[in-house]
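Could you build all of it, start to finish, from the sequences and the hints given here?
Protein chains: 2
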Amino acid sequence: MACLAERPRAVGELAETLPISRPAVSQHLKVLKDAGLVTDRAAGTRRVYRLNPAGVAALRDQLDTYWARALDSFQDVTKRPDEEKS
Amino acid sequence: MACLAERPRAVGELAETLPISRPAVSQHLKVLKDAGLVTDRAAGTRRVYRLNPAGVAALRDQLDTYWARALDSFQDVTKRPDEEKS
DNA sequence: AAGATTGGTCAGCCGTAGCTTACCGTTCGT
DNA sequence: ACGAACGGTAAGCTACGGCTGACCAATCTT
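As you go down the protein sequences, you meet chains A and B in turn.
Sequential numbering from 2 applies to the first sequence in my numbering.
Sequential numbering from 2 applies to the second sequence in my numbering.
There could be a bad hint or two in this list.
Note that identical chains are pooled: a pair holds if it fits in a single copy or bridges any two copies.
[Unchecked claim] Taking lysine to any residue and the SDA-like style, the derived pairs with C-alpha atoms no more than 25 angstroms apart in a straight line are:
hint	residue 1	residue 2
1	Lys-34	Arg-70
2	Lys-34	Ala-55
3	Lys-34	Val-49
4	Lys-31	Leu-72
5	Lys-31	Val-12
To be clear, the hints were calculated from the coordinates, so they are not data collected in a lab.
Below, the structure written as structure tokens:
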């Protein structure tokens with residue numbers, strides 16, 4: 002995903018950069034697209050992929066709220082007196 | 002990890018809750034301990050595990066800075082005029 | 001001192017994520 | 001119209017994460 006941050010790229014172009022084959026890249030892009038993290042656009046025989054800002058932001062938010070919840074409830078506990086029942 | 006958030010627990014105790022066997026739990030705890038996310042304390046034949054606040058916070062920070070960097074550099078790009086070279 | 005509890009470790013099995021190769025469809029250039 | 005460029009998809013292989021069962025060590029109880 003980091004390789005798409007700079008600018009939109011075609012599949013083969015990505016594959017050149019990465020240590021994996023073109024089909025592998027294509028498969029990755031498929032799941033990223035399904036997840037809404039990238040969008041694609043046909044350009045002749047080429048297919049240009051770019052990051053989807055909304056998707057990436059959404060993911061970030063999800064993780065944020067997850068961690069917020071986790072740490073909140075956790076700190077609640079640590080602030081309580083140690084109530085260990087052997 | 003969530004099962005440790007509430008209060009410290011012994012290995013067998015965790016295994017009862019979880020859908021996996023006791024050895025499996027033990028193995029998970031090992032990697033969590035190596036990662037500094039939990040600490041353990043001997044209590045008789047039992048071994049009590051608890052979350053390590055420092056470790057968890059550190060992980061959270063790592064992820065935070067990762068996402069901050071990623072989104073920052075990404076938004077830099079999106080704000081620039083679209084410079085697509087076919 | 002002997003049995004019972006508890007937990008770590010080892011060996012082995014299994015499912016699956018992720019890769020490659022091969023193939024096919026589509027679009028562009030000439 | 002035909003070859004070249006580019007990508008998606010299918011089939012198959014491999015490596016590995018994660019689980020289980022068996023075993024051993026340590027501690028507690030009586």
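| Which of the stated hints cannot be reconciled with the structure, identified by number in ascending sequence? | Result: no hint breaks.
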